[in-house]
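Full structure from sequences and hints, please.
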Amino acid sequence: MYQIDNLVKDLVKQHGRAREALMPILQGVVAQHNYLTDEAMVEVAKELDLSAAEVYGTASFYTFLDTEPRGKYVIRVCKTITCAMKGKNEIIEVLQEMLRINVGETTLNDKFTILETNCIGWCHKAPAILINDTPYTDLTREKLVKIIKEYMHQ
Amino acid sequence: MDMLSFNINGKLLTVGKGKTILEAALENSIYIPNLCHHPDLVPSGNCRMCIVEIEGRRGQIISCTTPVEEGMVVRTDSQEISHVRQTTLELIHANHTQDCTNCSSNSACELQKVTAYVGVNEERLGRLRRTRQHYNIDDSNPFFSLDHNKCIMCGICIRTCDEVQGVNALDYGFRGFNTVVSTFGDKPIKESVCESCGECVVRCPVGALTFKETRQPTFEVKTVCAYCGVGCNIYLGVRGNKIVSSRGDRDSIVNKGRLCVKGRFGYEFVNHEDRLKVPLIKKNGTFVESTWEEAFSIIVEKFSAVESKQFAAFTSAKMTNEDNYVIQKFTRAVMGTNNIDHCARLCHAPTVSGLVQSLGSGAMTNSIDEFTNAKTIFSIGSNTTAAHPIIGLHIKEAKRKGAKIIVANPKEIDLCRFADVFMQQYPGTDVVLLMGMMKVIIDEHLQDEEFIKTRTEGYDEFLDSLTDFDLDTTEKITGVPKGKIIEAARLYATNTPSSLVYAMGITQHSHGTDNVLAVSNLALLTGSVGKESSGINPLRGQNNVQGACDMGGLPDVYPGYQKVTKPWAKEKFEEHWGVKLDPEEGLTHTEIFDEIEKGNIKALYQVGENPILSEADSNHVKRALANLDFFVVQDIFMTETAKYADIVLPAASFAEKDGTFTNTERRVQRVRKAVIPEGETKDDWWIASEIARRMGAKGFDYESPNDIMDEINRVVPIYGGITFERIEDEGLQWPCPTTNHPGTKFLHGEKFTRPNGLGKLFPLTYKASIELPDSEYPLLLTTDRSLYHYHTSTMTRKVKGLEILDGEEFLKVNPEDAQQMEISDGEYVTVRSRRGDVRVKIKITRIVPKGIASLTFHFHETPTNELTICAIDPVAKIPETKVCSIRVEKMET
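These protein sequence lines are chains S and A, in that order. For the first sequence, counting from 1, position 37 maps to 37 in this note's numbering; every step adds exactly one. For the second sequence, counting from 1, position 32 maps to 1032 in this note's numbering; every step adds exactly one.
In case anyone wonders, no lab produced these hints; they're calculated from the structure. Please note: incorrect hints may appear among the correct ones.
[Claimed, not checked] Listed next, with one range per pair, are the computed distances between beta-carbon atoms: (1) LYS149/S to ASP1099/A: 53 to 61 Å; (2) ASP1774/A to ASP38/S: 56 to 64 Å; (3) ASN1756/A to GLU20/S: 53 to 61 Å.
Note that the Cβ used here is the ideal one computed from N, Cα and C, for glycine as well.
Structure (structure tokens):
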């Protein structure tokens, strides 16, 4: 809780207290802590003199501002039509096998979360996934296994 | 006001400048369909129903956000408008449950009204795809439900919670396709910050927010709320002989239609099954039901047998002025003693003793309505939003209008969200904090020299005493950083008009009178008193504590603060009452218990009080009560204290009687009978009069409260012109000496009410609280209040919903202390002081600073006052319930 306090204060210093600072601050918290805890949102609300409900209202709209617990690495699999045709289902199968969780779940060690996402703009290199902010494209079973293994060892 | 003329549907209208087209039209009975408009709220223009056409402008204009301009030509209907409205309305219907016959808002629904006017195309509507998923109804709140499926997204609830209530429990969540009105974290309403005031439910135009109580009243009675001292005007709705609703009076200057959770939902106690219904007499240690006849005969016999000095009475701040007047008259004229007091001793006695010394009058100097025009509001020792919620709303309204808010409180209270400066002083160091601020004011020459010269005395002595309070000392003792003290001092002194608000945090100390004097010093020094929106405002606790004091429910004054020790006053009342009166001051609340314990007082007549829970060091009270020869309690419920009585008399509640309450701003307001009294309960004034008559006394032949008010008019100059006829619609503020006097909005306008007309500045020194933490009892315990309960909760805990919202006590401790003591949230602990111990659950919160813990005293299972110390203020005799030391012990598992 104290860490969140300091993080929010640092972000406020960086972005200011204006209403438009809300988005970058929330993104900053997610970048550090993977998702927005209630405490973090209350702290942001306090710093920006907004209501907590308003902060939640903003956060709940954006897919990338998670308000539920997420792992250190959030894997978002593109589910839009091109990726779907180019083997999105297989990608999900591989991920579920390797991490032993279903879509929407987080591993017990809080390291990985698998989610589906709408188009991320990599249709020409489908199928594509995002791991946190990094896109991985033209995926095959082998390529994906290698990527995930690397993350597992990090 | 500037007026503008414009043309609407061919009709010429003249309206005040600043009005919107929609407002102007509705005022003149021209209907423009609307869904998101509410007269209390800033227009948001989101429902798109109120579109109109304006000559010379393109397209449709939203009339609720467009101000009228001179010469404007407006059309509220056309084929084009109708087409657009219909399409928009059909989209709203597509997302709305089509279940009108099952809806409790059926026929009181804005959507139905708009649909009837605009019309929908059934065929098109049938083809529309329903887009919204079904949401479960949120009925977590005991008083109302939220059905998202009926919500039309007008945002009135969200804006009400923001603009009216300042709580912000709601906002739009999941915006876009899935938008819903959501609490923080999409949690059930009960788990959100919602304060259950019900303001959003009142304003919801459809059936999305609805009250759970669905019985409709057959008639309504206008009266005054019986909880705190704000005195909100309410309409009680009655069906059969039961109260089924309560709503705020929008025309009332006090609350402007707004209510808190207690005022809106806290009426259930009136018809509660536990109400006392017949007199009870204790025989062989148990209470037996009896008759008024038997009870009166025993009381008359016992009261006649005691000597004057062996008798004492406690009157009640919950009763009407008329009740209080008769009970003090009975005590003085029949029993022959001034041993009468009431719970004001435990709350604002220092206000009376302090402000009478410095200003001449111990009441709020301004009106509640004046807060909204203040530029600076300084709240010290008052958890305003919890204890006086509607005054809290006035302060929030002032803030929205640009006022600066200063909060000084040992705890981070809710009002801090609105504060520009928050000073978290250590409990009991208020004199230092205030004197420190005054030192800054003097050093920076911000004092009002003219005011000091012409309107005050004692300035030089006061200045001398100020030298001890330099910033370093102040910071060291209070724990408030220097910068904040300077900022607060500058704001208060320069950003005028400044209004100061205080309550129990100032008074409930062994140096409570000094605290009050420090407050009045600050106001006098800066000339911030005796002006509109600027003054000293002690917020009175009980609904009629002001009236109980006014009516002489105090041992040192007759009604109207006429001193019992002044021969002229004694003679005056002897003449009016036709008996010889006691020339000496009587004993105070705290002293009466001491004297009972010593055996000097043998009979006690206690009306509407519960000292076992409310008095400091309650074990002392219990010992005393057990020592009484004869103890009569008159109440509406069997309280913890009533169990000690020999006779318990059933009294009528506020909803069952006529009379007047005087609120914290000195406004005498009419209380009206809404329901027939339960069982054989009787008005308090009737019971006391009956005892008096049976004891052979003259002058108690009242037939109605009106008769009593007539007598009050004659003997109490400040109430001289306040008659029932005059306060039929709106209350009058005393002083109101004659029947053509308009009442007094703010006090001390031209001169202070002290004999020489000057306000007095007092030199002060810092006195530490009596019991401070040490190695044996390392935590400081302070007491506070919950929004959901009132005082000892005799009434509020009879209301099921309030019990659901706040059902048990918590000891609030800081996370650092909790860690050190190795206790966790929700754990049961024993809290021990030098006087007693209680078992209570822990709540870990940063609301309280390190080293300080706090408890309310609402719960009889956790009698907090067994812990508190009965160290009393030498002048006001108030016990120090705000500071004592405790230790927390883990429970054996």
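Do the hints match the structure? See the list:
1. LYS149/S to ASP1099/A: 53 to 61 Å: Holds - the Cβ-Cβ distance for LYS149/S and ASP1099/A, about 55 Å, lies within 53 to 61 Å.
2. ASP1774/A to ASP38/S: 56 to 64 Å: Distance hint for ASP1774/A, ASP38/S is violated at roughly 38 Å.
3. ASN1756/A to GLU20/S: 53 to 61 Å: Between ASN1756/A and GLU20/S, where Cβ atoms are some 59 Å apart, the hint holds.
Violated hint for the displayed structure: number 2, the only one.
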